[in-house]
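Student: Below, each chain spelled out in residue letters.
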Amino acid sequence: MITTRESDAAIPAVNRAEAANHAGAAACITLHATTSGSGVHLFTSSLTQIPATRFLPWETAQGAYAEQSLRLSSEIDTAMTHAEIPVTLGRTALQPLDSFTCPAVVAELSPLHGAATVTQLSDSAYQDRIVAAMAAAVEQWQHDWRQQP
Amino acid sequence: MISRTQRILFWTLLVSSVLMSIVLLRMRERALDRLLASAETMPLNPPAGRPVQSVTIMIANDMDGSLQPAYQNLALPLDDNARAHVILQHLIADYSRPSSKHPIAANKGVNEIFFMGLPADATHTSPGTVAIVDLSGSFVEAHPSGIEPETLTLLSIIGTLHANFSQISQVRFLVDGQQRDTLAGHADLTRDYLASDAPGVKHL
Chain A
1 MITTRESDAA
11 IPAVNRAEAA
21 NHAGAAACIT
31 LHATTSGSGV
41 HLFTSSLTQI
51 PATRFLPWET
61 AQGAYAEQSL
71 RLSSEIDTAM
81 THAEIPVTLG
91 RTALQPLDSF
101 TCPAVVAELS
111 PLHGAATVTQ
121 LSDSAYQDRI
131 VAAMAAAVEQ
141 WQHDWRQQP
Chain B
150 MISRTQRILF
160 WTLLVSSVLM
170 SIVLLRMRER
180 ALDRLLASAE
190 TMPLNPPAGR
200 PVQSVTIMIA
210 NDMDGSLQPA
220 YQNLALPLDD
230 NARAHVILQH
240 LIADYSRPSS
250 KHPIAANKGV
260 NEIFFMGLPA
270 DATHTSPGTV
280 AIVDLSGSFV
290 EAHPSGIEPE
300 TLTLLSIIGT
310 LHANFSQISQ
320 VRFLVDGQQR
330 DTLAGHADLT
340 RDYLASDAPG
350 VKHL
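Residue numbers (this note's numbering), protein chains in the order written: chain A, 1 to 149; chain B, 150 to 353.
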């Protein structure tokens with residue numbers, strides 16, 4: 001596993017895509033946080049599937065992985081649902097997502113709104129649930145990835 | 150040695166040039182004043198007696214990431230650009246209410262909207278009209294940061310325009326007349342959005 005942000009310092013989007021692409025990653029997950037909404041928002045690129053070729057345009061490289069990204073998103077969605085974390089699914093135009101040459105998903109974490117309470121993102125138990133679900137999803141994806149041609 | 154006649158001619162031309170420059174600058178200022186005055190008096194508030202029309206507004210909900218149509222009866226101006234402006238101002242005003250499920254602090258909303266026809270040639274795969282939405286800087290500053298809220302705002306604007314103006318096939322965003330990278334750090338404002346990007350859009 002390669003992480004691209006080890007401290008609270010802004011890293012240009014293009015550098016993150018370069019790191020992921022040079023690593024030949026089996027899956028790329030971009031983590032974000034927001035105060036809006038509830039649970040986890042999963043996004044994949046709004047690009048449509050294009051044939052994979054040796055050289056891909058930087059701005060739309062993710063198009064070659066659109067369907068695989070949707071499968072990865074579905075894997076994370078399932079794991080979050082098992083952890084009883086509400087998930088909203090969507091597609092978005094976001095840099096550097098469209099430049100990743102790997103199955104890629106954006107996971108945006110937000111506070112958990114219950115019937116009467118709100119669990120903030122700073123809650124360690126909530127964080128643990130998200131991390132456990134994410135790890136289970138990646139493990140499942142790794143298993144599925146090995147079976148792919 | 151320069152003759153007296155040439156010196157007189159030189160100074161006459163120089164003074165004339167300066168005077169002409171001053172006159173041109175003054176005319177330019179007057180033209181700008183007239184332009185701003187006409188923009189301020191655009192018929193955003195429809196004249197009394199205008200028949201009320203039903204419009205569809207696509208309302209975003211942060212809790213479930215959805216867009217739901219809401220129907221309002223509004224008295225609208227005749228001009229398409231002004232009509233679109235009024236409809237979007239209602240949409241954004243709705244988001245500034247305390248009960249909004251997609252809250253955005255009070256702001257000036259949209260500066261202007263322009264409709265631009267796409268030329269009918271082979272390079273455009275989706276013929277129709279491009280709507281250019283010029284957002285105000287105060288709207289962008291008031292907007293909460295986050296992929297979901299930003300994406301929902303754009304989709305809600307696109308969906309609302311497409312629901313009321315079926316000829317719109319693409320939407321482009323500016324901020325105070327300039328291109329900007331993102332809405333509030335995430336959603337891309339440099340690309341043209343297809344009107345079909347907004348889900349749940351139904352034509353009246």
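Heads up, a few of these hints could be off.
For lysine to any residue, the following SDA-like pairs were computed, each having C-alpha atoms within a straight-line distance of at most 20 angstroms [what the hints assert, rightly or not]: (1) Lys250(B) with Val118(A); (2) Lys250(B) with Arg54(A); (3) Lys257(B) with Gln238(B); (4) Lys257(B) with Ala291(B); (5) Lys250(B) with Gly114(A); (6) Lys250(B) with Thr117(A); (7) Lys257(B) with His292(B); (8) Lys250(B) with Ala33(A); (9) Lys250(B) with Thr119(A); (10) Lys257(B) with Gly277(B); (11) Lys250(B) with Gly90(A); (12) Lys250(B) with Leu47(A); (13) Lys250(B) with Ala132(A); (14) Lys250(B) with Thr35(A); (15) Lys250(B) with Pro86(A); (16) Lys250(B) with His113(A); (17) Lys250(B) with Asn210(B); (18) Lys250(B) with Gln120(A); (19) Lys250(B) with Ser215(B); (20) Lys257(B) with Val324(B); (21) Lys250(B) with Pro111(A); (22) Lys250(B) with Thr3(A); (23) Lys250(B) with Ser7(A); (24) Lys257(B) with Leu162(B); (25) Lys257(B) with Ser215(B); (26) Lys257(B) with Arg246(B).
Estimated spans, in silico, between C-beta atoms of each pair [claimed, not checked]: (27) Ala19(A) with Leu173(B): 54 to 60 angstroms; (28) Val14(A) with Val172(B): 39 to 45 angstroms; (29) Pro218(B) with Arg71(A): 44 to 50 angstroms.
These are calculated hints, taken from the structure and not from any lab test.
Heads up, the beta-carbon is just placed ideally off N, CA and C, and yes, glycines get one too.
Student: What's the verdict on lysine 250(B) and alanine 132(A), does the C-alpha distance respect the 20 angstroms limit or exceed it?
Tutor: With a Cα-Cα distance of about 30 angstroms, the restraint between lysine 250(B) and alanine 132(A) is violated, given a limit of 20 angstroms.
Student: When you check the alpha-carbon spacing of lysine 250(B) and threonine 117(A), does it fall within 20 angstroms?
Tutor: 17 angstroms, holds
Student: Does lysine 257(B) pair with serine 215(B) here, judged by a C-alpha cut-off of 20 angstroms?
Tutor: 24 angstroms, violated
Student: Hey, lysine 250(B) versus threonine 3(A), does the alpha-carbon distance stay inside 20 angstroms?
Tutor: Violated. Lysine 250(B) to threonine 3(A) sits at ~34 angstroms, over the 20 angstroms cutoff.
Student: Taking only the CA atoms, is the gap from lysine 257(B) to leucine 162(B) under or equal to 20 angstroms?
Tutor: 49 angstroms, violated
Student: Check the hint pairing lysine 250(B) with leucine 47(A) against an upper bound of 20 angstroms on the C-alpha distance.
Tutor: 28 angstroms, violated
Student: Between proline 218(B) and arginine 71(A), is the Cβ distance one that fits in 44 to 50 angstroms?
Tutor: 31 angstroms, violated
Student: Quick check on a hinted range of 39 to 45 angstroms for valine 14(A) and valine 172(B), using CB atoms only.
Tutor: 51 angstroms, violated
Student: Please verify whether lysine 250(B) and threonine 35(A) have alpha carbons no more than 20 angstroms apart.
Tutor: 13 angstroms, holds
Student: Take the C-alpha atoms of lysine 250(B) and histidine 113(A), compute the straight-line distance between them, and say whether it is at most 20 angstroms.
Tutor: 13 angstroms, holds
Student: Straight-line Cα separation of lysine 250(B) and arginine 54(A) no greater than 20 angstroms?
Tutor: Violated: lysine 250(B) and arginine 54(A) sit about 45 angstroms apart, past 20 angstroms.
Student: Between lysine 250(B) and alanine 33(A), is the straight-line Cα distance small enough, at 20 angstroms or below?
Tutor: 18 angstroms, holds
Comparing the model with each numbered hint stated earlier shows that hints 2, 10, 12, 13, 22, 23, 24, 25, 28 and 29 do not hold.
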